[in-house]
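*Asks:* Top to bottom, those sequences are chains A and B. If you're matching positions, the first sequence starts at 1 in the working numbering and goes up one per residue. If you're matching positions, the second sequence starts at 1 in the working numbering and goes up one per residue.
Mixed in with the good hints there might be a few duds.
Between beta-carbon pairs, the in silico distance windows are [claimed, not checked]: (1) A:E68 / B:P110: 44 to 50 Å; (2) A:V12 / B:S27: 20 to 26 Å; (3) B:L45 / A:S73: 20 to 26 Å; (4) A:E44 / B:T94: 18 to 24 Å; (5) B:E17 / A:D63: 44 to 50 Å.
The set of hints was computed from the structure by calculation and includes no laboratory data. Ideal Cβ positions, reconstructed from N, Cα and C, are used throughout, including at glycine.
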Amino acid sequence: GAGVSQSPSNKVTEKGKDVELRCDPISGHTALYWYRQSLGQGLEFLIYFQGNSAPDKSGLPSDRFSAERTGGSVSTLTIQRTQQEDSAVYLCASSLGPLAGGFSRSYEQYFGPGTRLTVT
Amino acid sequence: TQLLEQSPQFLSIQEGENLTVYCNSSSVFSSLQWYRQEPGEGPVLLVTVVTGGEVKKLKRLTFQFGDARKDSSLHITAAQPGDTGLYLCAGEDTGNQFYFGTGTSLTVIP
Numbered sequence: 001g002a003g004v005s006q007s008p009s010n011k012v013t014e015k016g017k018d019v020e021l022r023c024d025p026i027s028g029h030t031a032l033y034w035y036r037q038s039l040g041q042g043l044e045f046l047i048y049f050q051g052n053s054a055p056d057k058s059g060l061p062s063d064r065f066s067a068e069r070t071g072g073s074v075s076t077l078t079i080q081r082t083q084q085e086d087s088a089v090y091l092c093a094s095s096l097g098p099l100a101g102g103f104s105r106s107y108e109q110y111f112g113p114g115t116r117l118t119v120t
Numbered sequence: 001t002q003l004l005e006q007s008p009q010f011l012s013i014q015e016g017e018n019l020t021v022y023c024n025s026s027s028v029f030s031s032l033q034w035y036r037q038e039p040g041e042g043p044v045l046l047v048t049v050v051t052g053g054e055v056k057k058l059k060r061l062t063f064q065f066g067d068a069r070k071d072s073s074l075h076i077t078a079a080q081p082g083d084t085g086l087y088l089c090a091g092e093d094t095g096n097q098f099y100f101g102t103g104t105s106l107t108v109i110p
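Construct the entire structure; sequences and hints are all you get.
*Replies:* So this is what it looks like as structure tokens:
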């Protein structure tokens, strides 16, 4: 079946412009995560959506960053007034969500290929 | 912030050698996952460990979760060029949020 898709794959923008990054999760997955990855580094958590619950926005680095998830499916990450330090690969992941029964664990995350953002 | 430190950060070895990557934290996690990432792609899950002291084997890869569920290790036996990539550990907290390690970049030279 289809995996997680992200668009665009590459985005070059000028400093100060706004950008929108799109994530199409696997159908039926209730959980959706956005991460940011600098070159060759680990992933930095940005935001987590789970079903109809209020999203966990604790990882967003500034109020220039926002994300929406429409209809429990597609998600858009928006960065306003981009800065050069926003340059990174933005990764989206989806999963079936938390395990039932109070295990405090989740099903496997499946990652998209990422969007490489370059701010000039 | 729950920090996961991986060591070493970079590793370059000859084909056939053994290696171990470490993932350490001061925080307790409900589960810990290991991923492998190739350039231009997203991370792919290798294994999830959930019980303190748990050991899982995946062909030439052996994963161990520390007794206190704060640390983990990945051991590769007889490394092959196909093992080259960025290895990431990730701990899951009770709020289903994942914290990723700093990454270990492995190069296996034929």
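*Asks:* Which of the stated hints cannot be reconciled with the structure, identified by number in ascending sequence?
*Replies:* 2
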